[in-house]
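Using the sequences and the hints given, assemble the complete structure.
Heads up: the sequence lines are chains L and B, in that order.
Here the first sequence is numbered in numbering that gives the first Met the number 0, starting from 0 and rising by one per residue.
Here the second sequence is numbered in numbering that gives the first Met the number 0, starting from 0 and rising by one per residue.
Hints listed in this document are in silico derivations from the structure and should not be mistaken for laboratory results.
Treat the hints with caution; some may be incorrect.
Chain L side only, calculated, beta carbon under 7 Å to chain B, not exhaustive [to be verified]:
id : residue
1  : E417
2  : F420
3  : Y421
4  : S424
5  : R425
6  : G426
7  : S428
8  : M435
9  : E442
In silico DSSO-like pairs for lysine-lysine, Cα to Cα no more than 27 Å straight-line [stated by the list, open to error]:
id : chain 1 : residue 1 : chain 2 : residue 2
10 : B       : K26       : B       : K230
11 : L       : K446      : B       : K138
12 : B       : K154      : L       : K446
13 : B       : K11       : L       : K413
We treat Cβ as the ideally placed atom computed from N, Cα and C, and that holds for glycine.
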Amino acid sequence: MATKQQEKLAKDVSQYKYGFHVDSKNIFKANKGLTKELVAEISRYKNEPEWMLKFRLDALEIFYSKPMPPWGADLSGINFDNIHYYVRPSDRPTRNWDEVPDEIKDTFERLGVPEAERKFLAGSGAQFESETVYHNLQESLQKQGVIFDGIDTALQKHPDLFREYFATIVPPRDNKFAALNSAVWSGGSFIYVPKGVNVGLPLQAYFRINSENMGQFERTLIIVDEGASVHYVEGCTAPTYSSDSLHSAVVEIIVKKGGRCQYTTIQNWSNNVYNLVTKRAKAMQDATMFWLDCNLGSKVTMKYPSVYLMQPGAKAEVLSIAFAGNGQHQDAGAKIIHAAPNTTSSINSKSISKGKGRTTYRGLIKVYPGMKGCKSKVTCDALMLDKDSRSDTYPTMEIEEDEVTIEHEATVSKIGEEQLFYLMSRGLSEQEAATMIVNGFIEPIVKQLPMEYAIEMNRLIEMEMEGSVG
Amino acid sequence: MEILEIKNLHVKVEGKEILKGVNLVIKSGEMHIIMGPNGSGKSTLCYALMGHPNYEVTEGVALFNGENILELPADKRAHLGLFLGFQYPREVTGVTFGNFLRIASNAVKKAQNSTEKPIGPLQFYPIAQKEIEAVKMDKSFIGRSLNEGFSGGEKKRAEIVQMAVLKPKMAMLDEIDSGLDIDALKTVAEGIQMNFEKLQPGMLIITHYQRILDYLKPHYVHVMSEGRIVKSGGPELAKQLESGGYAPLINN
Numbered sequence: 000m001a002t003k004q005q006e007k008l009a010k011d012v013s014q015y016k017y018g019f020h021v022d023s024k025n026i027f028k029a030n031k032g033l034t035k036e037l038v039a040e041i042s043r044y045k046n047e048p049e050w051m052l053k054f055r056l057d058a059l060e061i062f063y064s065k066p067m068p069p070w071g072a073d074l075s076g077i078n079f080d081n082i083h084y085y086v087r088p089s090d091r092p093t094r095n096w097d098e099v100p101d102e103i104k105d106t107f108e109r110l111g112v113p114e115a116e117r118k119f120l121a122g123s124g125a126q127f128e129s130e131t132v133y134h135n136l137q138e139s140l141q142k143q144g145v146i147f148d149g150i151d152t153a154l155q156k157h158p159d160l161f162r163e164y165f166a167t168i169v170p171p172r173d174n175k176f177a178a179l180n181s182a183v184w185s186g187g188s189f190i191y192v193p194k195g196v197n198v199g200l201p202l203q204a205y206f207r208i209n210s211e212n213m214g215q216f217e218r219t220l221i222i223v224d225e226g227a228s229v230h231y232v233e234g235c236t237a238p239t240y241s242s243d244s245l246h247s248a249v250v251e252i253i254v255k256k257g258g259r260c261q262y263t264t265i266q267n268w269s270n271n272v273y274n275l276v277t278k279r280a281k282a283m284q285d286a287t288m289f290w291l292d293c294n295l296g297s298k299v300t301m302k303y304p305s306v307y308l309m310q311p312g313a314k315a316e317v318l319s320i321a322f323a324g325n326g327q328h329q330d331a332g333a334k335i336i337h338a339a340p341n342t343t344s345s346i347n348s349k350s351i352s353k354g355k356g357r358t359t360y361r362g363l364i365k366v367y368p369g370m371k372g373c374k375s376k377v378t379c380d381a382l383m384l385d386k387d388s389r390s391d392t393y394p395t396m397e398i399e400e401d402e403v404t405i406e407h408e409a410t411v412s413k414i415g416e417e418q419l420f421y422l423m424s425r426g427l428s429e430q431e432a433a434t435m436i437v438n439g440f441i442e443p444i445v446k447q448l449p450m451e452y453a454i455e456m457n458r459l460i461e462m463e464m465e466g467s468v469g
Numbered sequence: 000m001e002i003l004e005i006k007n008l009h010v011k012v013e014g015k016e017i018l019k020g021v022n023l024v025i026k027s028g029e030m031h032i033i034m035g036p037n038g039s040g041k042s043t044l045c046y047a048l049m050g051h052p053n054y055e056v057t058e059g060v061a062l063f064n065g066e067n068i069l070e071l072p073a074d075k076r077a078h079l080g081l082f083l084g085f086q087y088p089r090e091v092t093g094v095t096f097g098n099f100l101r102i103a104s105n106a107v108k109k110a111q112n113s114t115e116k117p118i119g120p121l122q123f124y125p126i127a128q129k130e131i132e133a134v135k136m137d138k139s140f141i142g143r144s145l146n147e148g149f150s151g152g153e154k155k156r157a158e159i160v161q162m163a164v165l166k167p168k169m170a171m172l173d174e175i176d177s178g179l180d181i182d183a184l185k186t187v188a189e190g191i192q193m194n195f196e197k198l199q200p201g202m203l204i205i206t207h208y209q210r211i212l213d214y215l216k217p218h219y220v221h222v223m224s225e226g227r228i229v230k231s232g233g234p235e236l237a238k239q240l241e242s243g244g245y246a247p248l249i250n251n
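Put into structure tokens, the structure is as follows:
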């Protein structure tokens with residue numbers, strides 16, 4: 000993509016300005032640990048313009064300077080020196096299909112995952128080509144003027160558009176992990192929807208899935224122009240193996256006047272992963288941003304999709320499901336900033352803790368002074384299945400204006416004995432009855448998922464519930 | 000021909016003995032009514048027979064076709080053909096009435112005959128619709144969350160719908176008439192009688208009021224008091240109670 004001239008120029012620049020130059024083969028193979036040299040080499044390897052190299056290096060400095068967050072889940076298990084910050088697709092480690100745990104294979108079977116995809120998801124296959132699907136989709140999108148590319152490609156193909164919005168919604172200084180992502184980001188999606196265009200079918204990251212795009216430091220940027228609408232779906236319900244233990248993604252979205260964006264995530268990372276994500280959207284006048292967030296996997300997830308309501312009439316909706324089993328901590332929630340009058344928001348969070356699992360809801364509703372006519376409703380429901388299950392709620396309200404309507408409801412429940420008996424008296428086993436109750440609990444959110452995901456979600460709950468009741 | 004034999008049943012709830020030796024035999028095609036003052040143990044009998052975990056059997060057996068069901072969990076009893084129409088049916092959010100009916104129906108069918116294929120939603124819909132309309136409920140209830148927001152009368156009628164769909168061999172209805180207005184009572188009672196005549200299960204009906212007996216044709220009427228059945232008779236016993244109340248019978 001870059002010309003020979005550009006390559007040489009980038010190389011010279013890095014040599015001059017930063018005084019070092021390393022061969023990519025060695026540095027990537029050397030692998031672990033985070034250094035300036037590695038970051039510069041990532042940029043050079045990707046043929047990035049100079050401004051991006053500078054951006055990365057500045058972000059790295061910010062990362063070093065910021066302390067770990069004093070709140071949230073326990074991150075003491077992360078060893079920053081023992082992480083591969085960039086791995087070329089060809090160097091990605093794979094494991095033998097025989098080594099894949101039986102229960103993972105069983106899950107693929109139960110979810111009906113196509114054969115071709117199983118090995119890839121389990122970390123046993125190098126590539127999974129969904130080229131045909133992707134190509135056909137691309138043709139119809141191009142006709143509408145919609146851009147749906149890998150973000151690395153987008154930097155090269157659409158430099159001005161990219162630069163106009165990149166890091167404007169989540170600046171590197173935002174938090175330590177945003178800074179880290181800003182330094183070593185690779186892979187992710189770039190979407191631009193032109194004015195008035197309604198993208199009919201959900202765009203799925205899964206279409207483009209392959210080692211290159213499934214990164215630990217993914218960066219996604221979505222620009223929805225005036226009056227346009229799009230639904231993007233990230234992740235999949237199938238258990239997804241990652242050899243990387245730290246995932247730190249950043250998602251930035253801007254929804255312009257009258258536009259609408261739905262971003263659905265279903266995360267089911269293997270239980271060695273620390274999943275720390277910064278997701279933020281800006282909604283302009285009469286625009287709607289809808290986050291649908293499902294957290295099923297990972298060892299620790301910290302994720303608080305946010306919406307900044309910048310102009311009157313802007314709307315935010317966040318639906319979130321978190322499921323935590325033994326050894327898992329899902330620390331999730333939402334942040335809504337009402338930075339304009341007559342803006343509305345609603346958050347509906349449902350969490351389920353099973354065994355010794357722990358779920359935490361952490362949310363913020365902020366209304367600035369003078370922002371009259373704002374409405375916000377937060378509902379948090381927690382279901383605890385076992386006596387060791389844990390659930391916490393930290394809802395924060397910073398309301399600095401009187402002429403607003405703010406509601407908050409929270410419930411905590413366990414599966415009622417009477418409910419269980421009622422269902423069992425109709426012939427359902429204890430497990431089937433508990434599963435029915437849990438599926439019913441999350442139903443209002445699941446019904447907002449594209450149908451195939453909804454079905455998978457119900458099956459996953461069924462599997463999670465097996466052997467859990469007691 | 001199915002037979003339920005309850006022999007010397009003693010049941011404790013929260014440490015207190017409620018049933019103090021109940022004896023009763025119910026056969027297919029027999030409708031038994033149990034009446035009695037509050038606290039006599041009528042509901043306890045139903046819950047203990049269905050297998051509620053908090054109801055502790057301290058003595059006695061309940062043989063269903065020779066098998067002591069008191070050792071089985073509730074779902075296994077349902078598989079054998081037992082059914083309980085609850086006095087206070089539970090709400091289950093997010094599960095539609097229709098789906099619930101279908102899943103329960105498939106569960107019982109599978110347990111009784113594992114070769115039969117489970118029935119899918121499309122096939123099941125007209126079955127659900129028929130039974131729901133038979134108790135004069137609107138078919139829109141099929142898509143509503145189970146019992147959620149249903150009035151007392153609607154919940155009771157929903158229990159009858161479940162009974163009609165599940166076709167139990169031995170059905171117990173716990174105070175099916177409480178909370179019903181005059182019209183609903185007539186509809187429910189007629190539904191029960193129709194169901195009984197069609198499928199000929201054994202039926203044990205706990206009633207709260209007399210009035211339901213205007214619409215039902217029971218074979219046996221029993222009076223319970225302080226954890227025991229103190230008097231049994233035919234339908235004429237109900238008439239006696241109507242005019243004289245419980246006192247003369249209990250103080251005997």
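So, against the hints stated earlier in the document, which numbers end up violated here? The structure conflicts with no hint, since it agrees with every one listed earlier.
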